[in-house]
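Starting from the given sequences, assemble the full structure and let the hints guide the process.
Quick note: the sequence shown uses my numbering, first residue 1, plus one each step.
What the hints contain is simulated information worked out from the structure, not anything from laboratory work. Please note that a few of the clues may not be correct.
Stated by the list, open to error - Each computed DSSO-like pair below joins lysine-lysine, with the alpha-carbon atoms no more than 30 Å apart:
#	residue 1	residue 2
1	Lys143	Lys106
2	Lys78	Lys123
3	Lys142	Lys106
4	Lys79	Lys123
5	Lys112	Lys87
Remember, predicted model here, so these are calculated numbers, not experimental data.
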Amino acid sequence: MLKLAAIGVWVILVTAGATFASVYLGQPAGEPNSTEDQGVEQLTSELTSVPVIRGGDVVGYVILQLSFAADRALLAQKKLDPMPYIKDSAFRVIFTSSDVDFRRLKPEDLDKLTGAIAGEANKRLGMELVRHVLLQQLNYVKKEDIRTNWINGNGNSN
1 MLKLAAIGVW VILVTAGATF ASVYLGQPAG EPNSTEDQGV EQLTSELTSV
51 PVIRGGDVVG YVILQLSFAA DRALLAQKKL DPMPYIKDSA FRVIFTSSDV
101 DFRRLKPEDL DKLTGAIAGE ANKRLGMELV RHVLLQQLNY VKKEDIRTNW
151 INGNGNSN
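Laid out in structure tokens, this is it:
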């Protein structure tokens with residue numbers, strides 16, 4: 001009889017120990033590990049135009065569409081839409097870029113712009129949410145070209 005009681009106590013202790021270990025030492029199956037990289041989510045902006053000002057005058061417009069690789073874990077953690085912050089950062093970087101000549105872009109200018117946009121967006125969001133900025137479209141239109149098309153009737157909707 002004593003053996004049967006000892007075996008019963010032993011089974012209870014083993015079961016309690018296994019339950020304790022699975023609850024406190026293991027992570028629940030439904031919850032992802034917060035340090036684990038969950039990948040990125042692709043966010044695409046709308047087509048946006050940014051005026052280029054040199055010497056106090058508008059000399060043209062940069063028309064662009066951007067795509068952003070955002071950290072999926074931080075995106076789920078942040079409870080607001082990051083797109084307005086990202087678009088504002090892109091506008092600010094392009095608007096204030098006096099060292100980039102949009103009429104004669106060089107490959108290093110593109111890397112400089114995308115890096116600056118990602119850095120500004122992360123600074124405004126307060127976290128490293130944006131991993132990469134990708135250019136979907138980038139065009140420069142001189143001010144004279146816009147006015148010529150408008151005056152000739154190509155831009156008139158009548």
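Right, here's what the structure says about each hint:
1. Lys143 / Lys106: 21 Å, holds
2. Lys78 / Lys123: The hint holds at about 14 Å.
3. Lys142 / Lys106: Holds - the C-alpha atoms of Lys106 and Lys142 are around 18 Å apart, at most 30 Å.
4. Lys79 / Lys123: 17 Å, holds
5. Lys112 / Lys87: Judged against 30 Å, a Cα distance of about 17 Å means the pair holds.
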